[in-house]
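Novice: Fit chain B to the supplied structure of chain A, relying on the hints for placement.
Residue numbers (this note's numbering), protein chains in the order written: chain A, 1 to 108; chain B, 1 to 115.
Treat each hint with caution, since some may be false.
[As the list claims (entries may be wrong)] Straight-line distance between alpha carbons at most 27 Å, and here's what the computed BS3-like set of lysine-lysine pairs gives:
| # | chain 1 | residue 1 | chain 2 | residue 2 |
| --- | --- | --- | --- | --- |
| 1 | B | K70 | B | K3 |
| 2 | A | K95 | B | K41 |
| 3 | A | K37 | B | K3 |
| 4 | A | K66 | B | K9 |
| 5 | A | K54 | B | K9 |
| 6 | B | K19 | A | K54 |
| 7 | A | K95 | B | K3 |
| 8 | A | K95 | B | K19 |
| 9 | A | K95 | A | K60 |
| 10 | B | K70 | A | K54 |
FYI, nobody ran anything at the bench for these hints, they're computed from the structure.
From a predicted model like this one, the values you see are computed outputs, not experimental measurements.
If you want the building blocks of each chain, they are given just below.
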Amino acid sequence: GDQVEQSPSALSLHEGTGSALRCNFTTTMRAVQWFRKNSRGSLINLFYLASGTKENGRLKSAFDSKERYSTLHIRDAQLEDSGTYFCAAGTGGYKVVFGSGTRLLVSP
Amino acid sequence: DPKIIQKPKYLVAVTGSEKILICEQYLGHNAMYWYRQSAKKPLEFMFSYSYQKLMDNQTASSRFQPQSSKKNHLDLQITALKPDDSATYFCASSLHDRGSQNTLYFGAGTRLSVL
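With the rest of the complex left out, here is chain A (with noise of 0.2 Å):
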């Protein structure tokens, strides 16, 4: 079936440092979603991508459809971005397949 292979599972960042979480998909994907899982467990949506790049303040996500991948790059590190991420990703139906998640622990 349908594979979202997420890295690194778990990163450990300094305040102030930035690194990048990768997706890869195992068949063509139509469009990629982001998610952080907060405290409290409830999921905040962070990008929607169906091609290209976007970027919200110090995150950045990258979708090439034809490659395969999704990225979300993370710059200038908070205590607050400490949280579990995560890709998901579809075809253009209804069924949506999540990755694994990467668990970001931000340190001062």
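Specialist: Just chain B now, kept in the frame of chain A:
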């Protein structure tokens, strides 16, 4: 105000019993979904509904039955509960349309524990 309401937030059930998880969305969306997240596993797609019609069913067991009494409601009935059914169940919705961004919006989840 939360726009997708799931009730209850926590639920404890005994093996063999039946429970209904409630989901209502006030986003005006036409598509609704159920996902499940078991411990240390990614969110797992279960069902999708559009205009109260089943679109996708990825759940092998017939013990899981969605119920849609209104366009903005999609409840999940689970019968003959087993300990393996313990998980957090997330309801989601989207404005699933050819021309729109089909962004998924999630409720806060119902954490089910089966003893």
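Novice: Hint by hint, which ones does the structure fall short of?
Specialist: Per hint list: 4, 5, 6, 10 violated.
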